[in-house]
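Note that the protein sequences, when read in sequence, are chains A and B. Numbering (my numbering) for the first sequence: 1 to 458. Numbering (my numbering) for the second sequence: 1 to 458.
Just so you know, not all the hints are guaranteed correct.
For each label pair, taking beta carbons as the anchor points, the in silico distance ranges come out as [unchecked claim]:
id	chain 1	residue 1	chain 2	residue 2	range
1	A	K242	B	H214	47 to 55 Å
2	B	D92	A	E348	36 to 44 Å
3	B	H214	A	D251	22 to 30 Å
Selected chain B positions facing chain A (in silico; Cβ < 7 Å) [as the list claims (entries may be wrong)]:
id	residue
4	P209
5	L277
6	A283
7	G284
8	R286
9	G287
10	R293
Source of the hints: derived by calculation from the structure; they are not laboratory data. These numbers were taken from a predicted model, which means no experiment stands behind them. Quick reminder that beta carbons are idealized off the backbone N, C-alpha and C, glycines included.
Here is what each chain is made of, one letter per residue.
Protein chains: 2
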Amino acid sequence: MTKLDEFISSNRERFEQDLRQLLKIPSISTDGSYRTQVAEAADWVLAQFVELGFRTELIPTDGHPLVYAESAPVSNRPVALVYGHYDVQPPDPLDEWISPPFEPTVRDGNLYARGATDDKGQMLTHVKAVQSWIETEGTLPMQVKFLIEGEEEIGSPNLSHFLQSPDAAKRLACDVIVISDTSQFSKGHPAITYGLRGIAYFELILTGPKQDLHSGTFGGAVANPANALTKMLSALVNDEGKIQVPGFYDDVEALSDRERSQFSALPFNERSFMEQLGVAALAGERGYSTLERRWARPSFDINGIRTGYQGEGAKTVLPNQASAKFSFRLVPNQNPDAIAASLRTMLEELCPAGITLELKEMHHAPGFTVPLDSPYIDAAAKAIEQGFGHSPVFIREGGSIPIVSRFTDTLDAPTLLLGWGLTDDNTHSPNEKFSLADYHRGIKSSAHLWYELSRIAV
Amino acid sequence: MTKLDEFISSNRERFEQDLRQLLKIPSISTDGSYRTQVAEAADWVLAQFVELGFRTELIPTDGHPLVYAESAPVSNRPVALVYGHYDVQPPDPLDEWISPPFEPTVRDGNLYARGATDDKGQMLTHVKAVQSWIETEGTLPMQVKFLIEGEEEIGSPNLSHFLQSPDAAKRLACDVIVISDTSQFSKGHPAITYGLRGIAYFELILTGPKQDLHSGTFGGAVANPANALTKMLSALVNDEGKIQVPGFYDDVEALSDRERSQFSALPFNERSFMEQLGVAALAGERGYSTLERRWARPSFDINGIRTGYQGEGAKTVLPNQASAKFSFRLVPNQNPDAIAASLRTMLEELCPAGITLELKEMHHAPGFTVPLDSPYIDAAAKAIEQGFGHSPVFIREGGSIPIVSRFTDTLDAPTLLLGWGLTDDNTHSPNEKFSLADYHRGIKSSAHLWYELSRIAV
């Protein structure tokens with residue numbers, strides 16, 4: 001690997017120029033007036049693979065195209081699928097940018113531009129890694145497929161569509177999925193995110209009288225949907241943070257001792273976390289640390305409530321309807337469908353006479369973990385150690401990444417979330433940045449990843 | 001009283017013409033472009049009293065003027081104060097009126113016009129009654145004072161101001177207050193409303209983290225203000241409709257057996273009440289009938305909640321703030337200040353760590369009843385029996401009438417709420433009406449009222 005490492009080291013300037021080129025294209029997927037520029041970014045990415053001699057395809061969709069590329073098959077070696085996206089968030093508010101969002105500018109070793117970390121910079125580390133292999137070895141030690149989309153920032157509607165098509169599973173067939181669209185745990189602590197929580201999101205609509213009533217004339221005579229809503233929602237979790245939906249914890253995958261000790265060894269400071277959030281105390285399920293609660297225990301949060309009068313001053317109204325959006329974060333092995341069914345039964349039992357209930361299942365996704373003893377995790381850890389100079393930490397993430405569960409639905413392969421970014425990279429905010437040192441470390445890690453993965457017996 | 005009755009009977013047409021004149025003036029208090037017309041209505045009312053030889057005064061305010069008038073003092077007789085208003089609600093939506101709102105039109109014995117029942121028609125019954133006394137007897141059997149305002153439909157800001165002035169108590173000093181701005185219980189059941197519930201209205205604002213958070217990344221780690229709000233509000237009332245604020249029921253004036261049997265004798269049909277509201281069941285405090293719960297028992301209603309995401313679809317937000325407006329209906333003898341203090345203590349104890357609480361006391365008013373054995377109630381009942389041909393029913397009302405508590409704050413006198421209107425008179429709606437038969441019955445009842453009241457020893 002010395003030759004490869006030297007190549008990567010001596011091509012730093014060239015790889016930075018390539019990233020700058022891509023960052024100059026304002027590929028804002030949500031804004032129809034940038035359609036040409038989004039297409040230009042797709043073409044630019046596609047051209048990278050054409051130049052490497054990959055089999056390439058620009059897959060048209062009802063929205064922005066998918067860029068697909070694959071290197072030559074290598075028999076008896078695993079196949080990897082790299083996912084990333086070439087679209088970016090809008091740069092507003094523009095006047096808060098120190099340098100213009102589409103004029104990449106270096107300050108203090110960081111490259112500032114919209115998309116620098118999310119996801120052009122991180123995605124490109126894998127492209128530059130395969131390029132380094134091709135330009136030094138003439139080939140890759142395993143087959144690597146790339147699926148780079150242009151609609152991640154608008155919820156990946158057409159990629160989801162594509163993944164449901166009959167031949168998607170065959171075309172994308174792989175042993176491992178690699179995504180670099182997350183972050184290091186903290187500066188100098190590159191991370192392998194080996195688990196995500198799932199979600200089950202609901203909307204509850206309670207309807208009482210056929211119209212709003214005067215709370216003086218009618219208060220005390222009929223069930224008030226807003227009162228009922230607070231009763232029903234508050235019954236879903238107890239004061240110790242335990243969710244009360246029957247059977248909710250039945251399938252919960254418990255935290256292993258290894259995970260608990262790994263989490264507790266992480267440089268996580270509760271005091272500065274509280275300062276960051278502006279709260280005087282943390283809260284949640286009793287018996288678990290804050291990282292455990294965020295990453296590996298289920299939670300229940302009301303996301304919004306709408307009922308009655310919300311304006312200035314007082315209005316003596318007994319509202320005829322009250323609705324709430326709320327969601328459970330799920331951990332691996334929990335079954336969203338079973339939970340939805342149990343929730344429905346519980347709410348129907350709680351619903352008072354005189355109120356009708358509508359429960360909408362908005363969306364759900366299961367949680368996932370890659371087993372820590374998986375050879376893919378081991379390979380990624382070794383690669384990151386080469387790229388960053390020390391071993392990664394193993395973390396989980398409390399959110400769900402919808403595209404991950406969509407891949408998992410279609411493909412029977414574990415996902416490696418390898419984050420090169422930093423949590424203060426201003427993703428989705430003005431002055432987005434990406435550390436150039438981390439860009440190069442990412443390229444080197446990725447180059448070593450193909451070597452390490454290629455050694456796994458399949 | 002025969003002479004008086006005959007006079008009233010033979011002047012029906014003339015009294016109707018007077019009402020039509022007043023109804024033609026679009027005295028819409030909330031709309032600045034009708035300022036001249038509001039003043040015209042004030043002048044018209046004032047002129048009525050000038051003609052009767054009353055001592056009159058047009059009291060200017062920062063808004064619309066107060067019309068004040070008083071008949072000559074009669075020693076050793078009680079003094080009554082009649083309150084009413086000459087302003088009206090806007091007539092919108094105009095296209096739903098069958099005849100124009102300011103062109104009084106008779107259909108089926110009803111006079112249709114904005115203000116017909118609320119309150120020009122009802123108020124004028126008392127003016128025509130004193131006129132009948134003056135034109136037949138040359139004098140009244142007791143002193144009657146009139147305070148007719150022009151801002152009732154906008155919350156009586158300047159009357160409230162006037163009532164707080166140092167000499168208001170002296171100028172308005174009286175033994176009984178008479179207001180006709182309510183309704184009969186139902187057609188053919190004229191009512192004396194002898195009690196109103198009070199109110200204590202609050203806004204609760206809970207604040208958690210300094211900004212909205214992602215519910216995936218942070219859910220389970222910090223207290224969610226929306227979750228906390230449902231916990232805190234649901235703790236305020238139990239499933240049997242009993243309010244849980246400590247001491248809440250300590251001073252509650254119990255319903256007397258006489259009241260309970262009077263309520264249960266009223267022609268109130270639960271089935272049609274449910275149909276009217278569009279509910280499959282009624283609800284509220286266990287152990288009390290629906291009318292008891294509406295009129296004479298406290299209640300707790302959430303009037304509005306605002307938190308988090310309220311738009312279409314799903315947003316995985318952990319809101320940083322949640323707020324609710326809610327109110328307790330109070331019954332006589334409950335002390336709103338004591339309840340507010342107890343509520344504050346309770347909520348502070350319920351508020352979880354990591355959340356800060358702000359409780360705003362929006363407004364409150366005590367409930368009131370006039371004792372059923374009061375001689376004033378007795379006098380009013382006799383008068384109504386003369387006017388309507390049969391005795392009134394005794395009812396209470398679940399709402400509070402703010403102006404009543406403001407009068408009660410200033411004047412040490414019971415209030416008689418004598419409603420001549422009907423509940424389907426379309427108050428505040430298109431096609432407002434007032435039964436002409438009820439108008440004349442009201443005039444006759446009022447004329448008899450001054451006679452009956454004058455016989456009470458003071």
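Hints versus structure:
Range check, K242(A) to H214(B): about 23 Å between beta-carbon atoms, so the 47 to 55 Å window is missed. At about 42 Å, the CB distance of D92(B) to E348(A) agrees with the hint of 36 to 44 Å. A beta carbon spacing of about 25 Å between H214(B) and D251(A) agrees with the range 22 to 30 Å that was offered as a hint. For P209(B), the interface hint holds, since its Cβ comes within 7 Å of a Cβ in chain A; the closest pair sits about 4 Å apart.
Here the hint on L277(B) is kept, as its CB sits about 4 Å from the closest CB of chain A, short of 7 Å. Because the smallest distance between the Cβ of A283(B) and any Cβ of chain A comes to about 4 Å, under 7 Å, the interface hint for this residue holds. For G284(B), the suggested interface contact is upheld, since its CB lies about 5 Å from the closest CB of chain A, less than 7 Å. A hinted interface residue such as R286(B) counts as satisfied when its beta carbon comes closer than 7 Å to some beta carbon of chain A; here the least separation is about 11 Å, so the hint is violated.
At a threshold of 7 Å, the smallest CB-CB gap from G287(B) to chain A is about 12 Å, leaving the interface hint violated. Residue-level restraint check for R293(B) holds (minimum Cβ-Cβ distance to chain A is 4 Å; threshold 7 Å).
In summary, the numbered hints that this structure violates are 1, 8 and 9.
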